[in-house]
Amino acid sequence: MNRSARAGFTLVEMAIVVAIVSLLLGSLLYTLSAQLEQAGHEETRRRLEQAKSLLLAFAIVHGRLPCPARSTSFADEVRNAAGQCTDGSAEDYYGGALASGVTGGLLPARAIGFQPVDADGFALDAWGNRIRYAVEKFVTGCSGPSVLPHFTSGANLKANGITCLPRDLLVCKSASGVNGVPGATNCGAPANALTNQNVIAALVYSPGRNSTQGAAGVDEAANANGDAVFVSHPPAPAGVANGEFDDQIAWIAVGELYGRMIAAGVLP
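Numbering (this note's numbering), first residue to last: -6 to 261.
Just so you know, these hints were derived from the structure itself, not from any lab. Being a predicted model, the structure only gives us computed values, none of them experimental. Every residue, glycine too, gets a C-beta built ideally from N, C-alpha and C. Take the hints with a grain of salt, since some may be wrong.
Taking CB as the label site, the calculated pair distances span [unchecked claim]: (1) S20 - I53: 33 to 39 Å; (2) E30 - V110: 40 to 46 Å; (3) E35 - P230: 33 to 39 Å; (4) P227 - S46: 20 to 26 Å; (5) I53 - G114: 20 to 26 Å; (6) E84 - V233: 20 to 26 Å; (7) A75 - G219: 40 to 46 Å; (8) S82 - G176: 29 to 35 Å; (9) D69 - E36: 21 to 27 Å; (10) L29 - P183: 35 to 41 Å; (11) A50 - G219: 24 to 30 Å; (12) N189 - V233: 33 to 39 Å; (13) P227 - G81: 40 to 46 Å.
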């Protein structure tokens, strides 16, 4: 073998080098993807907490929680003079698909001053998806007769009093066996419940990176179907029993809402 041949690489050696470089690049790309995924998750969590803070601030200023926005409302709440979350034809407290292709249950970013937003003013998560919002309508346990809606009417909220508790909004660990009908909401089994019906005044959520809002599995579908039951659990990959899941949810407990409003002198 001459000197130039001895100084170069053989085809086998080149193949080994290429394989090693490919493995290193693959590992680097996987690590970078995981880091970006985690960063998006953390940023979305921060934005949901920001939305909660702005909703509580809105309640202190206006004496009530806002109604949800709709895809046709340019990110402002849809509410009538009586405090009902309606445009005169369809109510929207829990979100989901409304008539004529309209999507309900969007965070009213214009009303609460949330940023960042898209070109139509709707609040965005870290993945560029619109942040969703649901607010309780019904109450129970009031010291006297209650007038609805409770949480989206300043006059009703003050008149009904702070003994009134939410009746319907509920967060479960999975969608298996749940009942989302207002007045009969349940998680199917006590062990499947993250909250009960008397805890949540309002909630916000992100449909996650996959942004399918239901197409990925039954647990994500529960967060987009317009009833009073929502699902929250750690991220799950495609192929698991209830399908892929990467939604994130944060809620305002009724005690937190009342406590902030009492401290600000808005209630009782």
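Structure-based check of all given hints:
Look at S20 against I53: about 50 Å separates their beta carbons, and that is not inside 33 to 39 Å. Range check, E30 to V110: about 23 Å between beta-carbon atoms, so the 40 to 46 Å window is missed. For E35 and P230, the hinted distance range of 33 to 39 Å is not satisfied, since their beta carbons lie about 19 Å from each other. For P227 and S46, the hinted distance range of 20 to 26 Å is satisfied, since their beta carbons lie about 24 Å from each other.
One distance hint, 20 to 26 Å for the beta-carbon pair I53 and G114, holds here, with the actual separation near 23 Å. Checking the proposed 20 to 26 Å range against E84 and V233 shows it is violated: the Cβ atoms sit about 34 Å from each other. The beta-carbon spacing between A75 and G219, approximately 22 Å, falls outside the hinted interval of 40 to 46 Å. Hint check: S82 to G176, Cβ distance near 22 Å, so the stated range 29 to 35 Å is violated.
Distance hint check for D69 and E36: the Cβ-Cβ separation is about 25 Å, which falls inside the suggested range of 21 to 27 Å. The hint said 35 to 41 Å for the Cβ distance between L29 and P183, and at roughly 38 Å that hint holds. A C-beta distance of roughly 27 Å is found between A50 and G219, which places it inside the suggested range of 24 to 30 Å. The supplied range of 33 to 39 Å is broken by N189 and V233, whose beta-carbon atoms lie about 26 Å from each other.
The supplied range of 40 to 46 Å is met by P227 and G81, whose beta-carbon atoms lie about 41 Å from each other.
Violated hints, listed in ascending order, are 1, 2, 3, 6, 7, 8 and 12; each of the other numbered hints is respected by the structure.
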